[in-house]
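4 protein chains.
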Amino acid sequence: MPHSPEEKKRVLARVRRIQGQAEALARALEGGADCGPVLQQIAAIRGAVNGLMSEVMEAHIRETFGQPAGDEAQREARVAEMTGLVRSYLK
Amino acid sequence: MPHSPEEKKRVLARVRRIQGQAEALARALEGGADCGPVLQQIAAIRGAVNGLMSEVMEAHIRETFGQPAGDEAQREARVAEMTGLVRSYLK
Amino acid sequence: MPHSPEEKKRVLARVRRIQGQAEALARALEGGADCGPVLQQIAAIRGAVNGLMSEVMEAHIRETFGQPAGDEAQREARVAEMTGLVRSYLK
Amino acid sequence: MPHSPEEKKRVLARVRRIQGQAEALARALEGGADCGPVLQQIAAIRGAVNGLMSEVMEAHIRETFGQPAGDEAQREARVAEMTGLVRSYLK
Chain L
0 MPHSPEEKKR
10 VLARVRRIQG
20 QAEALARALE
30 GGADCGPVLQ
40 QIAAIRGAVN
50 GLMSEVMEAH
60 IRETFGQPAG
70 DEAQREARVA
80 EMTGLVRSYL
90 K
Chain C
0 MPHSPEEKKR
10 VLARVRRIQG
20 QAEALARALE
30 GGADCGPVLQ
40 QIAAIRGAVN
50 GLMSEVMEAH
60 IRETFGQPAG
70 DEAQREARVA
80 EMTGLVRSYL
90 K
Chain P
0 MPHSPEEKKR
10 VLARVRRIQG
20 QAEALARALE
30 GGADCGPVLQ
40 QIAAIRGAVN
50 GLMSEVMEAH
60 IRETFGQPAG
70 DEAQREARVA
80 EMTGLVRSYL
90 K
Chain B
0 MPHSPEEKKR
10 VLARVRRIQG
20 QAEALARALE
30 GGADCGPVLQ
40 QIAAIRGAVN
50 GLMSEVMEAH
60 IRETFGQPAG
70 DEAQREARVA
80 EMTGLVRSYL
90 K
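Residue numbers (numbering that gives the first Met the number 0), protein chains in the order written: chain L, 0 to 90; chain C, 0 to 90; chain P, 0 to 90; chain B, 0 to 90.
Note that these hints are calculated values from the structure, not bench results.
Check before you lean on any hint, since a few could be wrong.
To be clear about the criterion: a stretch of chain B counts as covered by chain L if any three or more of its residues have a C-beta under 8 Å from a C-beta of chain L, and this derived list gives those stretches [unchecked claim]: (1) 14–25; (2) 52–61; (3) 65–75; (4) 83–89.
Computed list of chain P residues with no C-beta within reach of chain B, every gap over 10 Å [what the hints assert, rightly or not]: (5) Glu5; (6) Gln18; (7) Ala27; (8) Gly31; (9) Ala32; (10) Cys34; (11) Pro36; (12) Gly65; (13) Ala72; (14) Thr82; (15) Val85.
Using N, Cα and C, we set each Cβ at its ideal position, and we do this for glycine too.
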């Protein structure tokens with residue numbers, strides 16, 4: 000998950016970008032960079048992680064609700080799973 | 000929104016609690032409280048606001064996806080609305 | 000805390016604004032507002048609470064480090080208090 | 000920055016851990032992991048990035064305020080720099 004090849008590719012590209020940002024941060028720290036720029040880099044990584052979380056959540060919504068539920072029980076199970084995810088990660 | 004009377008009541012109770020927390024904070028500030036406890040009160044309000052946002056989002060998911068869509072266009076519109084909300088507020 | 004009258008006034012004004020935003024939100028919920036605008040109002044409150052926390056923290060930094068420490072022990076105690084606050088609330 | 004060898008080592012260890020978490024996430028995504036565990040991994044990375052930011056900020060406070068300022072102007076400059084950092088990153 001996410002299942003569609005384009006979504007998977009997009010999510011993986013975000014993870015790779017975060018890895019690149021972390022690598023650049025490690026080099027900056029090793030090079031003795033000042034605190035201001037270092038915090039700026041960390042804030043950028045934080046933003047990228049939030050963007051990644053949103054992308055995965057959006058993909059999951061599309062997959063979960065993009066097709067009609069087979070029956071009422073399945074619909075309820077889908078809704079319960081999604082509200083649980085929102086409760087856990089919307090903070 | 001949220002439409003069900005119990006959910007509306009629950010969400011309103013959360014807002015009222017936040018108002019009470021803000022009122023207590025105002026009194027603490029007027030009384031010259033120390034920084035530590037003041038920050039603790041603010042952090043508690045922040046947590047309560049996040050809990051409120053999650054509750055509203057969960058109620059919206061239940062309302063949006065709790066009934067089958069009338070047709071494919073409606074299903075797509077629902078999914079698009081929900082992914083847009085997640086993108087805007089999951090951070 | 001904050002001790003200076005202008006800072007106290009500024010911080011209190013922020014708390015009053017948050018109370019006003021919460022009151023407007025309660026009215027919107029009672030009036031049956033749509034989920035989108037409601038989430039927007041909650042996000043605005045979240046931003047205001049973060050701004051309040053920052054303002055209080057900044058005031059505390061000014062008060063703590065605006066005057067020279069009496070001795071090494073006091074300087075260390077100040078630094079320890081401030082790093083503890085950052086660790087607790089920077090998230 | 001951070002200047003002390005132990006702090007630099009500790010901060011770098013946090014960055015390396017985040018890189019490891021991102022690598023594990025990439026592998027999970029490539030392996031088709033479910034959405035729930037993927038979101039859990041992303042939330043753990045988010046927590047680690049917040050911890051890193053706090054650690055860097057704390058180190059900076061220790062360095063900035065661990066020694067007496069040479070004069071009033073330097074003291075004010077230090078305070079102004081620190082309040083600016085808090086305003087930028089406490090959110």
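Self-check item: Separation of glutamine 18 of chain P from chain B, once the least beta-carbon distance is taken, above 10 Å
Solution: holds, 21 Å
Quiz prompt | Outcome, coverage of the segment 65–75 of chain B by chain L - at least 3 residues whose beta-carbon is closer than 8 Å to one in that chain | solution = violated (count 0)
Self-check item: alanine 27 of chain P remote from chain B - nearest C-beta pair above 10 Å
Solution: Nearest chain B Cβ is 24 Å from alanine 27 of chain P, so the label holds.
Quiz item: Are three or more residues of the segment 83–89 of chain B within 8 Å, CB to CB, of chain L?
Solution: holds (count 3)
Quiz item: Was cysteine 34 of chain P rightly flagged as not at the interface, with every chain B Cβ beyond 10 Å?
Solution: Answer for cysteine 34 of chain P: holds, closest chain B Cβ roughly 22 Å.
Practice problem: Go check the segment 52–61 of chain B versus chain L for me, would you? Three or more residues, Cβ under 8 Å, otherwise it fails. | Solution: holds (count 5)
Quiz item: Are all beta-carbon distances from alanine 32 of chain P to chain B longer than 10 Å?
Solution: Alanine 32 of chain P clear of chain B: closest Cβ-Cβ about 26 Å, beyond 10 Å.
Quiz prompt | Outcome, coverage hint (the segment 14–25 of chain B, chain L; C-beta under 8 Å; three residues) | solution = holds (count 8)
Quiz item: Are all beta-carbon distances from threonine 82 of chain P to chain B longer than 10 Å?
Solution: Violated, since 4 Å does not exceed 10 Å.
Quiz item: Taking the closest pair, is the beta carbon of glutamate 5 of chain P still more than 10 Å from chain B?
Solution: Answer for glutamate 5 of chain P: holds, closest chain B Cβ roughly 15 Å.
Exercise. Test the statement that glycine 65 of chain P is away from the interface with chain B: the closest C-beta pair must be farther apart than 10 Å.
Key: About 6 Å separates glycine 65 of chain P from the closest Cβ of chain B, which leaves it inside 10 Å; violated.
Quiz item: Since proline 36 of chain P was said not to touch the interface, does its Cβ keep a gap of more than 10 Å from each Cβ of chain B?
Solution: holds, 23 Å
Violated hints, in rising order: 3, 12, 14 and 15; the structure is consistent with all others.
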